[in-house]
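*Asks:* Here are the chains, one letter per residue:
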Amino acid sequence: KQEVTQIPAALSVPEGENLVLNCSFTDSAIYNLQWFRQDPGKGLTSLLLIQSSQREQTSGRLNASLDKSSGRSTLYIAASQPGDSATYLCAVEGGANNLFFGTGTRLTVIP
Amino acid sequence: NAGVMQNPRHLVRRRGQEARLRCSPMKGHSHVYWYRQLPEEGLKFMVYLQKENIIDESGMPKERFSAEFPKEGPSILRIQQVVRGDSAAYFCASSPNPTGNTEAFFGQGTRLTVV
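Each protein sequence line maps, in turn, to chains W and U. Sequential numbering of the first sequence, starting at 15, is according to the working numbering. Sequential numbering of the second sequence, starting at -6, is according to the working numbering.
Since the hints were derived computationally from the structure, they do not count as laboratory data. Keep in mind it's a predicted model, so treat the numbers as computed, not measured. The beta carbon of each residue, even a glycine, is placed where N, CA and C say it ideally should be. Be careful, since some hints might not be right.
Claimed, not checked - Distance condition first, Cα-Cα at most 27 Å in a straight line; then the derived DSS-like pairs of lysine-lysine: (1) W/K15 with U/K37; (2) W/K15 with U/K20; (3) U/K37 with W/K82.
Said to hold, decoys possible - Across the chosen pairs, the derived CB separations fall in these ranges: (4) U/D49 with W/S42: 17 to 23 Å; (5) W/R69 with U/E45: 36 to 42 Å; (6) W/A24 with U/N46: 30 to 36 Å; (7) U/N46 with W/N32: 18 to 24 Å; (8) U/N46 with W/I124: 46 to 52 Å; (9) W/T122 with U/N0: 26 to 32 Å; (10) W/S67 with U/A(-5): 44 to 50 Å.
Unchecked claim - Partial list, derived from the structure: chain U residues whose beta carbon lies under 8 Å from chain W: (11) P32; (12) E34; (13) F58; (14) G66; (15) F84; (16) F98.
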């Protein structure tokens, strides 16, 4: 059974810092990996989708990498801003038409 | 193009009552997924439906829970005889194709509180 782990569970950084969030998964047979953002009491916003054949995706200040063989993904956030404060979720799809989620990293960017 | 719409956003039910959660997928999306997020836990898959068909309900509790996606109208997640342990946020997602190749778009969720 696929298990997704995110480290750290919480992270506090000063504004302007670059940071890396980590995601690992136990079964490397995945179709894709997706990073989401969840604000308190709100829904999920998709940030980046990486297909299994891809190594990375970029959107603005965000860059996500995927190393399928080692079961790892990272989300890099450049020049962090207070508005980036949220919980970041990693999810993988193993072809069963459903996503396996990690428990998230709660990010706080301090002005 | 409105996103995935869920209602109600908040729902309070007494133990033993029924809860009905509705999800309208994005226009043109015929694939709907329900997830549950228990307090301090990750989202867990419950059920995957296409129009009028349940494709995968492997994540749904065997009793009291049911889901449908009729030809017309929203997808409904129904919880009968709710218990305190059903208190959670329930999220619906939709996609135009099976999510193997496309991303899923999530709604704002329905937060169910059982008192």
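*Asks:* State for each hint whether it applies.
*Replies:* Results of checking the hints against the structure:
no. : hint                           : verdict
1   : W/K15 with U/K37               : 13 Å, holds
2   : W/K15 with U/K20               : 33 Å, violated
3   : U/K37 with W/K82               : 22 Å, holds
4   : U/D49 with W/S42: 17 to 23 Å   : 22 Å, holds
5   : W/R69 with U/E45: 36 to 42 Å   : 39 Å, holds
6   : W/A24 with U/N46: 30 to 36 Å   : 41 Å, violated
7   : U/N46 with W/N32: 18 to 24 Å   : 46 Å, violated
8   : U/N46 with W/I124: 46 to 52 Å  : 49 Å, holds
9   : W/T122 with U/N0: 26 to 32 Å   : 31 Å, holds
10  : W/S67 with U/A(-5): 44 to 50 Å : 32 Å, violated
11  : P32                            : 11 Å, violated
12  : E34                            : 7 Å, holds
13  : F58                            : 16 Å, violated
14  : G66                            : 21 Å, violated
15  : F84                            : 6 Å, holds
16  : F98                            : 7 Å, holds
Hint check: violations occur at hints 2, 6, 7, 10, 11, 13 and 14; the rest are consistent with the structure.
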